[in-house]
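Enquirer: Put the two chains together into one complex; each comes in its own frame, and the hints tell you how they fit.
So the sequences go chain by chain: A and B.
For the record, in the first sequence the residue sitting at position 106 is 106 according to the numbering used here, with numbers rising by one throughout.
For the record, in the second sequence the residue sitting at position 12 is 12 according to the numbering used here, with numbers rising by one throughout.
For the record, the hints were derived by calculation from the structure and aren't laboratory data.
Among these hints, one or two may not hold up.
[What the hints assert, rightly or not] Derived DEER-like restraints, expressed as beta-carbon distance ranges: (1) 30/A <-> 43/B: 23 to 29 Å; (2) 14/B <-> 40/A: 23 to 29 Å; (3) 57/B <-> 18/A: 47 to 53 Å.
[Said to hold, decoys possible] Covered stretches of chain B, going by a simulated chain A footprint (3 or more residues, C-beta under 8 Å): (4) 36-45; (5) 99-106.
Backbone N, C-alpha and C fix where the C-beta goes; we use that ideal spot for every residue, glycine too.
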Amino acid sequence: DAGVTQSPTHLIKTRGQQVTLRCSPKSGHDTVSWYQQALGQGPQFIFQYYEEEERQRGNFPDRFSGHQFPNYSSELNVNALLLGDSALYLCASSLVWGDEQFFGPGTRLTVL
Amino acid sequence: AQTVTQSQPEMSVQEAETVTLSCTYDTSESNYYLFWYKQPPSRQMILVIRQEAYKQQNATENRFSVNFQKAAKSFSLKISDSQLGDTAMYFCAFMKGTGAQKLVFGQGTRLTINP
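The following block holds chain B by itself, in its conformation from the complex (with noise of 0.2 Å):
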C-alpha cells in the first residue's frame, strides 16, 4: 500500500517570501503521479501542480514548482512570492499510473501568509 507523509502540519511566512512544504512517499511502483492540492478555508480542493513519475523535469506552475527526488521518494512544494491568497492546507497526494484513479492523500500542511 502506498503511503504519503507530511511533516509539517503548520507553516507561517510573511508575504512575498519563498516557502517550501515536504513530502514524502512511500511506493512500490514505478509509474505513478504526484499532486500537490490547495483547500482553502472555502474548503474547495483547487490541483496546484502535478507530476508525472516518468518526467525527470521538475513540474513548474508559475510561482509553483516542485523539487522531485524519486530515488528519495520526496515531492516538496516551493511557493515563491508568497501572496495572502496563498493562505490555505495543502495536500500532497499520490496516484498509481495503472488501474483505477485512487488519490492517497498526505497529513497536509496549513499554511499561513502574513502581512
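Bound-form chain A, shown alone (with noise of 0.2 Å):
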C-alpha cells in the first residue's frame, strides 16, 4: 500500500515563474491538505480540498491555488514566484472524518 507521494521531488524557479505541485493520497484518503514549511520552521497551513472542492484556507495570497482531481489527487499551483516562496512544501492526506495526516516526503522549492 502505497503512502502519500509527491512530485517533483526539488524544483529550482526564478523569480515571476509559476509552478505546479503534485500529490498522491493514501490510499483510501479522501482529503488533502499542502503546508509551506520554511526552512526551520513548522509547517504552516495553505488549504485543504475534500470533494474537489477547497474546504478551509490558511493566510496566503491567491497566488498560491490549487485543485483536486476525481481520484482524490491534487495540485498546488503557485504564480508569480517570489524569493520568500522557496520552501518545502508538503501534502498530507487523511479522511475526511478522520484526524490523523499522513504526509508524503514533499517538494524543495527553490525560488531564484
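Expert: Put into C-alpha cells, the structure is as follows:
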C-alpha cells in the first residue's frame, strides 16, 4: 500500500515564474492538505481539499491555488513566484472524518 | 486563533537516556487533538503520538509518552531509552475537533541523540 507521494522532489524556478506541484494521497484517503515549511520552521497550512472543493484556506495570497481531481489526487499551483516562496511543500492526506494526517516526502522549491 | 509554542529549539542527550520535549498551546476550543510529529533528516513527517483532549489518560506508544495538562495547556513528550534513530526535528501540533483538519504546528525542537 503506497503512502502519500509527491512530485517532483526538487524544483528550481526564477522569480515571476509559475509552478505546479503534485500529490497522490494514501490509498483510501479522500482529503488532501497542503503545507509550506520554510527552512528551520514548522509547517504552515495553505489549504485543504475535499470532494474537489477547497474546504479551508490558511493565510496565503491568491497566488497560491489548488485543485483536487476525482481520484483524490491534488495539485498546488503558485503564480508569480517570489524569493520568499522558497520552501519545502508538504502534502498530507486523511479521511474527511479522521484526525490523523499522513505526510508525503515533500517538494523542495527553490526560487532564484 | 490557536498557537503552539515549543520553547526548546535544540536538545541533545546521550543514547539510552530519557528526554522530555516541551509544548504549550493556546486555544478557546474544548474539543481538539494534539500531536507530536517527527521529521528525520530525510524530511518525511511521521506521527509519533496523538492525544484527544477529552481523554484524561495520557497517551503512550512504546517508548513515547505524553504528559497532557489540559488546564495548563501543556503537552510534553517523553522519550524513554532514547535511540540514535530518534534524532530528528520534533513538532508539536494542534487540531480543532470540528471542521477542517487544519494542523497548527509549533516551531519545532531539534533533538540529537549522541552515541
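Enquirer: If you test the structure against every hint from before, which numbers come out violated?
Expert: none
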